[in-house]
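2 protein chains.
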Amino acid sequence: MSKKVKTFRPKARRPKGFEDRFGTLANAENALIGAAAGVYASHGFEPLSTSALEYADCLGKFLPDDDRPNEGVFAFTDDDQQWMALRYDLTAPLARFVAENYDPLPKPLRRFAVGPVWRNEKPGPGRFREFIQVDADTIGAPGPAADAEMIMLAADVMDAAGLARGEYVIRVNNRKLLDAILGNIGVPDTEEGAVQRLRVLRAIDKLDRLGADGVARLLGDGRKDDSGDFTKGAGLSAQGIVAVLGYTQAGADTLEATLGALQPLMGASTVGAQGVEELRAIAALLQACGYDDGRTLIDPSIVRGLGYYTGPVFEADLRIETVNEKGEPARFGSAGGGGRYDDLIARFRGQPVPATGFSFGVSRFAAALHALGRLGPVEPGPVVVLALEVDRMADYFAMASELRAAGMRSEVYMGGSGMKAQMKYADKRGAPAVVIVGEDERAANSVTVKNLVLGDKLSGQIEDNKEWRSGRPAQTSGPREQLLKLVQDALI
Amino acid sequence: MSKKVKTFRPKARRPKGFEDRFGTLANAENALIGAAAGVYASHGFEPLSTSALEYADCLGKFLPDDDRPNEGVFAFTDDDQQWMALRYDLTAPLARFVAENYDPLPKPLRRFAVGPVWRNEKPGPGRFREFIQVDADTIGAPGPAADAEMIMLAADVMDAAGLARGEYVIRVNNRKLLDAILGNIGVPDTEEGAVQRLRVLRAIDKLDRLGADGVARLLGDGRKDDSGDFTKGAGLSAQGIVAVLGYTQAGADTLEATLGALQPLMGASTVGAQGVEELRAIAALLQACGYDDGRTLIDPSIVRGLGYYTGPVFEADLRIETVNEKGEPARFGSAGGGGRYDDLIARFRGQPVPATGFSFGVSRFAAALHALGRLGPVEPGPVVVLALEVDRMADYFAMASELRAAGMRSEVYMGGSGMKAQMKYADKRGAPAVVIVGEDERAANSVTVKNLVLGDKLSGQIEDNKEWRSGRPAQTSGPREQLLKLVQDALI
Numbered sequence: 119m120s121k122k123v124k125t126f127r128p129k130a131r132r133p134k135g136f137e138d139r140f141g142t143l144a145n146a147e148n149a150l151i152g153a154a155a156g157v158y159a160s161h162g163f164e165p166l167s168t169s170a171l172e173y174a175d176c177l178g179k180f181l182p183d184d185d186r187p188n189e190g191v192f193a194f195t196d197d198d199q200q201w202m203a204l205r206y207d208l209t210a211p212l213a214r215f216v217a218e219n220y221d222p223l224p225k226p227l228r229r230f231a232v233g234p235v236w237r238n239e240k241p242g243p244g245r246f247r248e249f250i251q252v253d254a255d256t257i258g259a260p261g262p263a264a265d266a267e268m269i270m271l272a273a274d275v276m277d278a279a280g281l282a283r284g285e286y287v288i289r290v291n292n293r294k295l296l297d298a299i300l301g302n303i304g305v306p307d308t309e310e311g312a313v314q315r316l317r318v319l320r321a322i323d324k325l326d327r328l329g330a331d332g333v334a335r336l337l338g339d340g341r342k343d344d345s346g347d348f349t350k351g352a353g354l355s356a357q358g359i360v361a362v363l364g365y366t367q368a369g370a371d372t373l374e375a376t377l378g379a380l381q382p383l384m385g386a387s388t389v390g391a392q393g394v395e396e397l398r399a400i401a402a403l404l405q406a407c408g409y410d411d412g413r414t415l416i417d418p419s420i421v422r423g424l425g426y427y428t429g430p431v432f433e434a435d436l437r438i439e440t441v442n443e444k445g446e447p448a449r450f451g452s453a454g455g456g457g458r459y460d461d462l463i464a465r466f467r468g469q470p471v472p473a474t475g476f477s478f479g480v481s482r483f484a485a486a487l488h489a490l491g492r493l494g495p496v497e498p499g500p501v502v503v504l505a506l507e508v509d510r511m512a513d514y515f516a517m518a519s520e521l522r523a524a525g526m527r528s529e530v531y532m533g534g535s536g537m538k539a540q541m542k543y544a545d546k547r548g549a550p551a552v553v554i555v556g557e558d559e560r561a562a563n564s565v566t567v568k569n570l571v572l573g574d575k576l577s578g579q580i581e582d583n584k585e586w587r588s589g590r591p592a593q594t595s596g597p598r599e600q601l602l603k604l605v606q607d608a609l610i
Numbered sequence: 119m120s121k122k123v124k125t126f127r128p129k130a131r132r133p134k135g136f137e138d139r140f141g142t143l144a145n146a147e148n149a150l151i152g153a154a155a156g157v158y159a160s161h162g163f164e165p166l167s168t169s170a171l172e173y174a175d176c177l178g179k180f181l182p183d184d185d186r187p188n189e190g191v192f193a194f195t196d197d198d199q200q201w202m203a204l205r206y207d208l209t210a211p212l213a214r215f216v217a218e219n220y221d222p223l224p225k226p227l228r229r230f231a232v233g234p235v236w237r238n239e240k241p242g243p244g245r246f247r248e249f250i251q252v253d254a255d256t257i258g259a260p261g262p263a264a265d266a267e268m269i270m271l272a273a274d275v276m277d278a279a280g281l282a283r284g285e286y287v288i289r290v291n292n293r294k295l296l297d298a299i300l301g302n303i304g305v306p307d308t309e310e311g312a313v314q315r316l317r318v319l320r321a322i323d324k325l326d327r328l329g330a331d332g333v334a335r336l337l338g339d340g341r342k343d344d345s346g347d348f349t350k351g352a353g354l355s356a357q358g359i360v361a362v363l364g365y366t367q368a369g370a371d372t373l374e375a376t377l378g379a380l381q382p383l384m385g386a387s388t389v390g391a392q393g394v395e396e397l398r399a400i401a402a403l404l405q406a407c408g409y410d411d412g413r414t415l416i417d418p419s420i421v422r423g424l425g426y427y428t429g430p431v432f433e434a435d436l437r438i439e440t441v442n443e444k445g446e447p448a449r450f451g452s453a454g455g456g457g458r459y460d461d462l463i464a465r466f467r468g469q470p471v472p473a474t475g476f477s478f479g480v481s482r483f484a485a486a487l488h489a490l491g492r493l494g495p496v497e498p499g500p501v502v503v504l505a506l507e508v509d510r511m512a513d514y515f516a517m518a519s520e521l522r523a524a525g526m527r528s529e530v531y532m533g534g535s536g537m538k539a540q541m542k543y544a545d546k547r548g549a550p551a552v553v554i555v556g557e558d559e560r561a562a563n564s565v566t567v568k569n570l571v572l573g574d575k576l577s578g579q580i581e582d583n584k585e586w587r588s589g590r591p592a593q594t595s596g597p598r599e600q601l602l603k604l605v606q607d608a609l610i
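Heads up: the sequence lines are chains A and B, in that order. So that you can map any letter, position 389 of the first sequence is 507 in this note's numbering, and since no number is skipped, the others follow by simple counting. So that you can map any letter, position 310 of the second sequence is 428 in this note's numbering, and since no number is skipped, the others follow by simple counting.
Treat the hints loosely; a few may be bogus.
Which copy is meant is left open, because identical chains are indistinguishable; a pair holds if it fits in one copy or across any two.
Simulated pairs of lysine to aspartate or glutamate, DMTMM-like, Cα-Cα distance not exceeding 20 angstroms [as the list claims (entries may be wrong)]: (1) Lys179 <-> Glu599; (2) Lys342 <-> Glu374; (3) Lys342 <-> Asp207; (4) Lys225 <-> Asp138; (5) Lys225 <-> Asp326; (6) Lys129 <-> Asp460; (7) Lys603 <-> Asp513; (8) Lys324 <-> Asp339; (9) Lys546 <-> Glu248; (10) Lys324 <-> Asp347; (11) Lys324 <-> Asp344.
None of these hints come from the bench; they were simulated from the model.
Pulled out of the complex, with its shape left as it was, chain A reads as follows (with noise of 0.2 angstroms):
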């Protein structure tokens, strides 16, 4: 007898901008997880798990999108009255654990970490509000040798995933540069200028989406987009605007070419002329490892999205055509990216200390990878025990837990239907085999071991009689000890 159900009934729904995902997809997600820890921890990075709330100020206000309601995060206040946050990233945690532990932490200090981060964004196509992100960072490390590892481990991390030569680049600029290029055309080194700055990199960062041109008015007085939403332009001059996007469009085919166009752009900036060298020496380091091999590239057009890089900064970028929710051929974009951020411990303790991180964005990466039906099962199916007799259930038990033994997924059926339902069951689970074990097996001692891959070939697609004849039988039986060779045999 069970209790009364109480007469409310709520709707079952999962949250708006949020996802379930089952069986292949989260397998999936889990083996990317997996190959990026691995890849993370052969270069020596240690684990950290730090909580999913953070006090507000401690994270910090670093979105591109803080127009959105609570700047982007989703907030409330504790019993205190502090405000906590959800963390939007695994970077501004860090750089709270590092400030809070600096002194018996190892310098430079490696850390991974996995874990979901939350975005308060208007839900829609595409839009996630949580995500699972993969991060790897070093801590207290000043030269460029530091970004470039963290380039190359990018770089790993897409091979480790599963992605061929030519289906990925690193894509790397440094903030520097614009930062020169921004000096150069009067935009002031002020709280107002800061503002300006930041109203740059957004528009940029969206160059992809909205093309020269859209991006044009972003950096003078704003834009209209089609469902007549008004954003605020960053106010530069007609000559200024000319300046930002010449600089991203001066990527060339060689690396010489690109640093030997970007050279220029600088004027007597020494910010611009020191981002210039730091690209310089990278792009070196990647060439003397072997990573200009297509995987890496230098690219004045990306800058990245979050307020707190300050220097190297760089995007995995997929070219690999995807299909978007309507099965449209779409572009994928960023499977990840990173940088330098010099100053975000120094908001805690005051002054620098030197930062380096990529970031690995699992969760629409195993979803692009599933639009393309580039998943397969990573796991088999069960093999499934019948369970035709309710006072045998130890039996049957005892069989699957045989086939566990030699390393075979294996249960037994638990639900409460007959024979046929069972079969129907095992072949919705992509059961490879059923073992049998009926009255007559049982009063035989025997077992029936039923090959469901084979018994769908058999009465799907084998027309031909003689192939049907010398086909193995998709059935056999055989004494109860060899339970495990006759499932080993069936599903050779």
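Given chain A, put chain B in place with the hints provided.
Showing chain B alone in chain A's frame:
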């Protein structure tokens, strides 16, 4: 040149009641998650990831501590004014998922899930507001065999987590027995009766902490704790209190003795008789499958705190002594639990869907193993390639890469300090060896490999001069091409 650091300086602080896990502890947590997930997957369970946030009405109110603010959950309103909450377990989101996607799912549905859950508790020692659970559930499985399977899974997970026989026990009970007792002493089958039953559950759930006297108070008028806080009681009569306490103490040495003691306590209750029969069926299966070897036990004092259980309940208890925050010996308590919840999906669908599951609490478990010193270094430290000449970084990267290709964790020193600091760093990271290529080695095309483990021994422990002489040297040099062999030899 880095951007100006703003003058507002937040204090870096971990939120109260939350934890950071770095290195060994995080590795241990991941290993435990992998062990449990492996057990579940081998039994035919498929992974499901749902979002951390759910609509509050979908989660329902089943927490044992609903006298807390927001009834024990972290909640806030979304843009559209709907209440959202961080999940307090992985079962309520599963019920939502099943109800929302009922028709296409296989029946029974066997799913496992891994992830953090959140409880808005008053922070205090040993009370975490976020912890990781690894759950397995079978939905659409009506019989006691499904409960027995969950109990055996619980034992398999404890085994996989590295516990020895005798170090844990899975205690099994059935909510129907308490329902019968409460019916017999006149608790009515009304809304008020439901509130009273819940108070009784929570009182019994504290047996371990408060003892029989404290629980008796909670079953009666109420109890004032050491801090002076008063908890309202269930309002049972003196006779009722005796009946309930007597029931919880009916556990005996043997299964038959326990069932024999419980039977008469049920009186004429059909629910009670049914509950005892279910326990008998479960116990018979555990026995037939060999899980009655001390790993499982019928124990009427186990009720579990969550409000949604309707039948069998079980709890995985650690029997090893651990230490608390102050280093004092302490009972660890529950490392997980579960039970049958046939009405949870009915909240949405209106008709019962039989379901049973087990939840493994990874975070507390890992913390306990850590406190006991039972977590070895899960990963060895990386071999550190020293960075002695700033313009030779590509060489160092190539060396680390060669070692990784042979399956060795390896990294290049990424900080900005000199050789002494680099050696200190390698020590702190637990590096088994460092690779040294300074100016001399480079000129001779050779490498030096220093074994840090042996070096420690030589300088610290070995006093016998003969042993010193016969020991391998802590440092060897050889041709650059033989880097891998030199490191391998050094680490034998």
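- [ ] Report the numbers of all earlier hints that the structure fails to satisfy, in ascending order.
- [x] 1, 2, 3, 5, 9
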